[in-house]
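K.L.:
Listed here are the chains, written in short residue letters.
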Amino acid sequence: MAQPFRLSRGGRIDRTRPVRFTFNGRTVEGVHGDSVASALLANGIHLVGRSFKYHRPRGILSHGSDEPSALLSVDRGPGRIDPNNRASVVEARDGLKTLSQNHWPSLEHDIGAINDLLSPVFVAGFYYKTFMWPKKFWDRVYEPVIRAAAGLGKAPAAPDPDRYANRHAHCEVLVVGAGPAGLAAALAAARTGKRVILADEGPEPGGALLHETSAEIDGRPAAEWLDGALAELDSRENVILLPRTTAFGYYNHNHVALAERITDHLPNPGTAPRERLWQVRAGEVVLATGSHERPLVFSDNDRPGILLAESVRVFLNRYGVAPGRRIVFATSGASAYTAALDAKGAGLAVSLVDLRAEDECGPELVELRAAGIEVLTGHTVIGAKGGKRVTGLVVAPADRAGRCGAHRLLPCDCVGMSGGWTPAVHLFSQSRGKLGYEATIDAFVPGTSAQAERSAGAAKGTYDLAACLAEGDAAGAAASGSAERRRFTASPTLTGFRPVRAMPTDADPAKVRAFVDFQNDVTAKDIGLAVREGFRSIEHVKRYTTTGMATDQGKTSNMNALGIVAGKLDTTLPSVGTTTFRPPYTPVTFGTLVGPARHALFDPIRTTPIHDWAESHGATFENVALWRRAWYFPKAGETLHDAVARECKAVREGVGIFDASTLGKIEVVGPDAAEFMNRLYINPWLKLEVGRCRYGLMLKEDGYILDDGVVARVAPDCFHVTTTTGGAARVLAHMEDYLQTEWPDLRVFLTSTTEQWAVIALQGPKARAVIAPLVGGIDLSPEAFPHMAMRSGTICGVPTRLFRVSFTGELGFEINVPSDHALAVWEAVHAAGEPYGITPYGTETMHVLRAEKGYIIVGQETDGTVTPDDVGLSGMIAKAKKDFVGKRSLVRPDVVAAGRKQLVGLVTDNPKLVLEEGAQIVDDPGQPIPMRMLGHVTSSYWSPNCGRSIAMALVADGRALQGGSLHVTTPEGFARVTVVDPVFFDPKGKRIHA
Amino acid sequence: MLEALYRTARALPLGRPAADPAGSGILIRPAGAEAHVSLRVRDPGPSAAGLPLDRPINTVSGDARRWIARLGPDEWLIGSDEAEADALPAALAADLGERPHAIVDISHRNVGIDVSGARAAVALNAGCPLDLGEAAFPAGTATRTLLGKAEIVLIRRPGPVPLYRVECWRSFSTYVHGFLTEAARSAG
Chain A
1 MAQPFRLSRG GRIDRTRPVR FTFNGRTVEG VHGDSVASAL LANGIHLVGR
51 SFKYHRPRGI LSHGSDEPSA LLSVDRGPGR IDPNNRASVV EARDGLKTLS
101 QNHWPSLEHD IGAINDLLSP VFVAGFYYKT FMWPKKFWDR VYEPVIRAAA
151 GLGKAPAAPD PDRYANRHAH CEVLVVGAGP AGLAAALAAA RTGKRVILAD
201 EGPEPGGALL HETSAEIDGR PAAEWLDGAL AELDSRENVI LLPRTTAFGY
251 YNHNHVALAE RITDHLPNPG TAPRERLWQV RAGEVVLATG SHERPLVFSD
301 NDRPGILLAE SVRVFLNRYG VAPGRRIVFA TSGASAYTAA LDAKGAGLAV
351 SLVDLRAEDE CGPELVELRA AGIEVLTGHT VIGAKGGKRV TGLVVAPADR
401 AGRCGAHRLL PCDCVGMSGG WTPAVHLFSQ SRGKLGYEAT IDAFVPGTSA
451 QAERSAGAAK GTYDLAACLA EGDAAGAAAS GSAERRRFTA SPTLTGFRPV
501 RAMPTDADPA KVRAFVDFQN DVTAKDIGLA VREGFRSIEH VKRYTTTGMA
551 TDQGKTSNMN ALGIVAGKLD TTLPSVGTTT FRPPYTPVTF GTLVGPARHA
601 LFDPIRTTPI HDWAESHGAT FENVALWRRA WYFPKAGETL HDAVARECKA
651 VREGVGIFDA STLGKIEVVG PDAAEFMNRL YINPWLKLEV GRCRYGLMLK
701 EDGYILDDGV VARVAPDCFH VTTTTGGAAR VLAHMEDYLQ TEWPDLRVFL
751 TSTTEQWAVI ALQGPKARAV IAPLVGGIDL SPEAFPHMAM RSGTICGVPT
801 RLFRVSFTGE LGFEINVPSD HALAVWEAVH AAGEPYGITP YGTETMHVLR
851 AEKGYIIVGQ ETDGTVTPDD VGLSGMIAKA KKDFVGKRSL VRPDVVAAGR
901 KQLVGLVTDN PKLVLEEGAQ IVDDPGQPIP MRMLGHVTSS YWSPNCGRSI
951 AMALVADGRA LQGGSLHVTT PEGFARVTVV DPVFFDPKGK RIHA
Chain B
1 MLEALYRTAR ALPLGRPAAD PAGSGILIRP AGAEAHVSLR VRDPGPSAAG
51 LPLDRPINTV SGDARRWIAR LGPDEWLIGS DEAEADALPA ALAADLGERP
101 HAIVDISHRN VGIDVSGARA AVALNAGCPL DLGEAAFPAG TATRTLLGKA
151 EIVLIRRPGP VPLYRVECWR SFSTYVHGFL TEAARSAG
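Line by line, the protein sequences give chains A and B. Residue numbers for the first sequence follow the UniProt record's numbering, so the first one is 1 and each next one is one higher. Residue numbers for the second sequence follow the UniProt record's numbering, so the first one is 1 and each next one is one higher.
Don't read these hints as lab results, they were simulated from the structure. Since the model is a prediction, treat every value here as computed from it, not as a measurement. Note that CB positions come from ideal geometry on N, CA and C, so glycine has one too. Hints are not guaranteed to be accurate.
Unchecked claim - Covered stretches of chain B (chain A as the covering partner; in silico rule of three or more C-beta atoms under 8 Å from a C-beta of chain A): (1) 46 to 58; (2) 106 to 119.
To be verified - Here are the in silico distance ranges between beta carbons for each label pair: (3) A/622 - B/72: 32 to 42 Å; (4) B/72 - A/483: 53 to 63 Å; (5) B/63 - A/600: 33 to 43 Å; (6) B/57 - A/252: 19 to 29 Å; (7) B/57 - A/981: 53 to 63 Å; (8) A/920 - B/72: 42 to 52 Å.
Let's have the full structure, built from the sequences with the hints guiding it.
P.N.:
Rendered as structure tokens:
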């Protein structure tokens, strides 16, 4: 068997099911149940990456999601490659390709390792100090170079071919973590019959029980108890058990986000989504998230082969892999003794170095010595030997003052280190709960809750197995409102440690490379430097040194970093405080966050009933809010300019047909409808006759134009209101707001009919002739049906509200028909118009035609700071009205003051020059910079009907400048323009009444 | 000829797609042409046109051919067979008499999609954040809510298997149908 470090027995793996994957092109064989990390270790591969900053050789530190160093690029097939996967949590399976990162030309020989030799230069804050001068070098030299060197791993370049899902879920109790405490909590809650969701990040629920080979629970081996617990949970309909699911974010109102990994571990994923985002709203949350082991901080503590002590135990017991044959455990606490016993039991050469003095140790010391293991108490670790793999540990006796005695080299090929334990309080912290410092276990533990949650087990600083079970049970019962409590018996757990920040050493401090944060390459020296340079706040130290940043979020590094800062400042740990833990707990793919919101599901694309016709007639579309509108209808070989010119001519000379279905429509109904309209619009409405229309202008409270549109009075108590396409939702909300909060006494009801009515605009001198044969029940003659009138009748047998209105200045109709009939009516009208050369036109032509007439578009001529008078529409204000929304603001001093920008027309000296919309306007282009800007161009087009360019602009005191000259910026310089009235075509408005 | 077209051949936006587009056992069926009315009335009295107006908010009454969902204190959504499109508003108006009210035909604004199957709620929960469990959302519940980025009305009808009606606006129906299809594919 290849796998020379695979133990012959033990572990939760299936030795009969081999798996093969590659690491840097080399085939690695593992077995079913392996992680990539355990399979690499089974093959004696420890060197798996280069560190972020110094390119130091790095190995596998941990067995879990706190792994800071073994970050691999994982390739699952074309388009399915992503960087920075923790080798310890990627399940080994056939066909994976894994690659180490951050080296060139190879993992073994990395040019970037020069950074390590230059490390005295690359101290904390190196960039801030070095790249200050000369200032102009920053943009052109420093930043590009730093950016090129920064980042870890390569982002995938191909589109992600996988699917991702989203699911909202509700439960009474959400339990995070399926270790002993979480399982006990879930069992207790499940027995009440309430809905329980139990999520665990591992492929197999069980947490620490998965590598617990010696302990017993309730008289049974722990593994058996685990099987029983899982079987019970599985049998209950009210329980959803989610393996491979990380609770990564804890938000308001017990809204917890989970990332479920569904297919990555499967060689043939089928059609299932790759990952699923669960958005759980839980009545109560139990956090049983366990704890992280702390590394010891000593010189070269990052050498491959140096692991966390408990991780050594996990690889031995769960994966049946020996991380080395000769293991030295270095510790300041009891838990590593359990690992040493298991290693000895696996037949490996084991010794243990404990910083604690004999009298500080508990029963573990006797137990270990009885097993024949050499234990050096009161010893520090001076440093590690070896480069790409640890070869030995230099230890020395150290007294409490840190004085070191004679060095001794302990040869080894693996080190298991333990600096104690840190509860995983990330989610609790995200829930905005207050952490409290517990001195007896040297840890921040959950204190005051901010939400309906409770922590249990190691996440709360409880490390004894029986206590974890009892605490989990109590938390689950309390969360589900049960008064029942269970008792558990379990083998005692070896707990307790002496907090140590950096191991005592007699080496020259300037030469010691003792890592605190392995992922961000931060050493104890860097943190000391930050404090020496005046940083006091832990948040500042974090940012200056980058310790605890990025995806690691301080899992392994936090307490050591805090402790070093506290030591340097000669203060206590709680007074230093801790940094804020940010979501996500572990990295989450973009795909999971995006979910199904891609392509057609990215946003609703709203189309009209006539969309398919427009598409099949070659229309080009533009986006207007969520709508897709026909922009122009190019014929073969036509440009936008050609098509629009043709469409504009057709409307003025014959007839054009336009899809105006996207116009917002609101049915305003009720005995007080006219009064309501009167209060909302600047215009008068009380006397508008049934069957007549009015152009309505609506202001916000500040007196600025909010929206406009034609309104028809359908009945004394019913108005058919139209709004702009983009303003439909805004106007309805504005109306409802006033109706519900200001005038609840008004008996008025608002109903959106935007999509009930499709609108076919027929514009041009031939419009009447086209529809005459199709319309029933309406006298179309100009006398009976004048401009700005509305009649109900039929068209093609379909009921219609026929408006005689015009946004083009031509004779025009807007045919409102129920949406499902719109296409048939459109096709009938189009067919009837063919003898007249009917021309479909799009929004671009609509814009040009209205500009020729000087009609404003809200959002183009207005920008939220424009009053009716600014655009020349103050004549519409009903003078007799006591009040309307915005009225009082129209007499504000700045609104009535001279110098406001007013709507004018501009014509260029050169008739062919089309100005740029947004271009600035000045009177004297020769004046010194900064020039006094008088306004800007709001609309600008080539007008086929005027045979020249036209523009509208807002210009300070513009109306008084009529006939005068101004200058407008263009990419080539200033262009001279003449100020004119903004009505460029048919200024007398005769055509509209035809 | 065109007269005949009105009443018989509404061009429904979703047409007639497969009933189980995802092959997931979750049926997603666009409703045929139906009449829809938005009814707004204060001080409604017990009923109008035979439809109850005194039921609690967020409940639906009636059967598949004629139903009324109370969405707010003064707001109801009514659905019925297309054949009732003219008669129903008239009957409502007659019964409501002088009470201030609004009866607005929204037959062409609203598009109905029926979602049914044992796992229908799972598919809906892909985009609807509400608790659709038995206790919180039993048959007979109706509410305005969200499905992904679209506003919908969600109605749960009684039946041997879970049966939901999703109502959305016409131009959102392609998105809503596509969203439900994708959700059904991922509901496993």
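K.L.:
Would you mind marking each hint as holding or not holding in the structure?
P.N.:
Quick rundown of the hints versus the structure:
Counting residues of the region 46 to 58 of chain B whose beta carbon lies closer than 8 Å to any beta carbon of chain A gives 0, which falls below the threshold of three, so the coverage claim is violated. A count of 4 residues in the region 106 to 119 of chain B with a Cβ less than 8 Å from any Cβ of chain A is obtained; the coverage claim is therefore met, three being the minimum. Between residue 622 of chain A and residue 72 of chain B the beta carbon distance is about 36 Å. The supplied range of 32 to 42 Å therefore holds. At roughly 41 Å, the beta-carbon separation of residue 72 of chain B and residue 483 of chain A lies outside the given 53 to 63 Å, and the hint is violated.
Taking the beta carbon of each, residue 63 of chain B and residue 600 of chain A are about 34 Å apart, inside 33 to 43 Å as hinted. As the Cβ distance of residue 57 of chain B to residue 252 of chain A is approximately 26 Å, the hint placing it in 19 to 29 Å holds. A beta carbon spacing of about 55 Å between residue 57 of chain B and residue 981 of chain A agrees with the range 53 to 63 Å that was offered as a hint. Take residue 920 of chain A and residue 72 of chain B: their Cβ atoms lie about 49 Å apart, and the range 42 to 52 Å holds.
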